[in-house]
Amino acid sequence: MSAPLTFLVVDDSKLHHQMYELVFSRGSLTGSTVLHAYNGREGYTMLQAHPELTAVFLDLNMPEMNGLEFLARRRADGMQLHVPVVMVTTEDSPDDERRGREAGAWEYLRKPFQPADIERTIDRVRQSAVSR
Amino acid sequence: MTGDNAFAELIHEYVGECLPLAEQAADGFLDVERRWNGGLQVDDVAPRLKGLVHTVKGNSAMMGQSAAAEVAHAIEDLFATLLSDASQREPATLDLLLDGANLLIELVRNAASGKTDSARVASWAGAVRALLAGQSAPAAMATGTSSRRAAAEGAIDTVRVDFRRLDALQEIVGEAIIAQSRLRDIQRRMVAHLGFTEETAELDASINAVEKTTQKLEDAVMATRLVPLSGVFGRFARLVRDAAQSTGKQVRLDTVGGDTRLDKAIVDRLGEPLVHLITNAVVHGVEREDVRRSRGKSVEAVIRLSAASVSDGVILTISDDGGGLDADRIAERARALGLEVNSSATDAIYPLIFVPGLSTVEAVSSLAGRGVGLDVVASSLHAMGGSITVESAPGRGTRFILRVPVTLAVVRTLLFEVSDERYAIPLAHVVETVRVEDGDIHEINHRGVVLWRGELLPVVDGAALVGAGAVGGDAARKYTVVVHAGTRRRGVLVDRLLGHRSVVAKGLDPALGRTRLVSGTTIMGDGRVTCILDAQRLVDPLPAHAATALS
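Residue numbers (this note's numbering), protein chains in the order written: chain A, 3 to 134; chain B, 48 to 598.
A hint or two may mislead.
To be verified - Here are the simulated SDA-like cross-link-like pairs (lysine to any residue), alpha carbons at most 25 Å apart as the crow flies:
hint, chain 1, residue 1, chain 2, residue 2
1, A, K113, B, P67
2, A, K113, B, H531
3, B, K97, A, N41
4, A, K16, B, I58
5, A, K16, B, A159
6, A, K113, B, T128
7, B, K97, A, M67
8, B, K97, A, Y110
9, A, K16, B, A430
10, A, K16, B, G63
11, A, K113, B, E64
12, A, K16, B, G98
13, A, K113, B, G442
Unchecked claim - Pairwise CB distance ranges, derived in the manner of DEER restraints:
hint, chain 1, residue 1, chain 2, residue 2, range
14, B, D132, A, G33, 34 to 40 Å
15, A, K16, B, L130, 25 to 31 Å
16, B, L386, A, K16, 56 to 62 Å
17, B, L216, A, K16, 50 to 56 Å
FYI, nobody ran anything at the bench for these hints, they're computed from the structure.
Source: prediction; values computed, not measured.
Glycine is no exception: its CB is placed at the ideal position from the N, C-alpha and C atoms.
The following block holds chain A by itself, in its conformation from the complex (with noise of 0.2 Å):
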């Protein structure tokens, strides 16, 4: 990987920003940066201002615009539609899958993920992010 990658987190738990950190502070993805959103509005607010995000990690459940939200808003704004999202979800909620993608998710990303899994969506998402 050479090009320097940069990531945005929307999550309202500090405890997955820091997991992201981990996950990319080390292996392949060393060196990558990360932006760390709390809410999906800031979240929102970032994404306009990023247009070389390499994606985002957007969590469904938050406080003040959640993943739907944010996704709809995208899309209605039309803002930086080639930057891939991954929609965060938990294991049991298909429905929350299905919903995603018709928002506009490219991803999913399913709790508990490991570092591999993050490292196997990424590699997914700049595959298609060129194929499109």
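The hints should help you fit chain B onto chain A, whose structure is shown.
Frame of chain A, contents of chain B only:
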């Protein structure tokens, strides 16, 4: 537990984030319970509550905390059911929800140590599964086999019954026992009048059969009344947290044996004494942080609450690793109250904290004070046929040991007669009965003793103990009943042994006032009221008048 998890190093961040969420959820569910009980809506708070539990579930799963994740998941299911089906909002189900929230708090709090009370998790999760399977059985039947099996297991094995019905059932068993002992009485009188005849023998056999059946019935009813202690235990985590917070201390509560089962009536009555003892442990038992530091102790104090079944009931202990009891101060206060303190042995001094007026700390704190002393704790335990003792090591901590019977209702007793009065004593406290021959009773320091199994057993005259009948005179009793409680033993001299009897214990009539040695009463077959003696108090160091009555 988290050793092989990729995020194991974030365990403290996990606890830091999830513990407040779990606590908010527990508070939220309490609010929900209150509102539902008051016929109010919860629509405005339900989504946030769901979100809290969901976040804890997700985070726990991420951290490999599978027990916490499982409990959070079950809470979600249970809450969803309660939201959608108002008919499910029964006290027992709401209790289950609150227990779950408290259990979740415990699991998150202890995540870093890797300690999981898996028995408690399993019993709680089992109860939730049974409940959910029971209520959703028809729907589950139509879907997959596994859910059908789960539904079938839950639905067929479990029936929910209003506890008042079990109380009523117990009452009926009690009446049957009283009627049966009346029959037995009549049969004995017939034998006395008529001698053994074919009829009395037949009657004897029939009554035997009835007694056996009643016994089985009693055991079966008893079994339905048993509930695990985990329900009450669960509520103490918050109590400790709140008490610690308001006193500026760091205190952890460890619980062991939450799966120990007792009659619900006893579990309910245990709540208040335990709250008192645990609050006491936090407020008075545990030292301030600076004191702990200077003593080389960890800043975080540990209060341990444990329960275990023994043959005749359940033993609960509440121990802290605080400063221990101050024997000098207790003795001083006892003297100030006008009590005689003859011994400097801590064994003699520590029990004085249960004397009315003694344990009320001068600076009454808003929490533990409440004007209630340990004497109230002790008397509520005695009232349920239990006992409380205390052990302490200066600088190392204090332990309260509570013994409670498994049930309140039916007590197996030994019936005896002394100076023409009948008394019952719980069989669980009787070691054996021994015939007294002339010259068996010796006197040492004005106290009577008998040689029993190679040891000197202090004895006391039954009549003197209970303050009945004429003392002295021809007090040549024929039997010694060897009573034990805790670590002590004592012989009680009686006239006649009347045999074993299951009796239905009734509380003491308040009109009788505080009767030192009597824990309750019962109605015998002939309608007479008989006192049930309190074994714990029988073996306590003697009041002077009873000890000297022998000489």
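Structure-based check of each hint:
no.: 1; hint: K113(A) - P67(B); verdict: holds, 21 Å
no.: 2; hint: K113(A) - H531(B); verdict: violated, 58 Å
no.: 3; hint: K97(B) - N41(A); verdict: holds, 18 Å
no.: 4; hint: K16(A) - I58(B); verdict: holds, 13 Å
no.: 5; hint: K16(A) - A159(B); verdict: holds, 18 Å
no.: 6; hint: K113(A) - T128(B); verdict: holds, 24 Å
no.: 7; hint: K97(B) - M67(A); verdict: holds, 17 Å
no.: 8; hint: K97(B) - Y110(A); verdict: holds, 22 Å
no.: 9; hint: K16(A) - A430(B); verdict: violated, 52 Å
no.: 10; hint: K16(A) - G63(B); verdict: holds, 10 Å
no.: 11; hint: K113(A) - E64(B); verdict: holds, 17 Å
no.: 12; hint: K16(A) - G98(B); verdict: holds, 15 Å
no.: 13; hint: K113(A) - G442(B); verdict: violated, 48 Å
no.: 14; hint: D132(B) - G33(A): 34 to 40 Å; verdict: violated, 53 Å
no.: 15; hint: K16(A) - L130(B): 25 to 31 Å; verdict: holds, 29 Å
no.: 16; hint: L386(B) - K16(A): 56 to 62 Å; verdict: holds, 58 Å
no.: 17; hint: L216(B) - K16(A): 50 to 56 Å; verdict: holds, 53 Å
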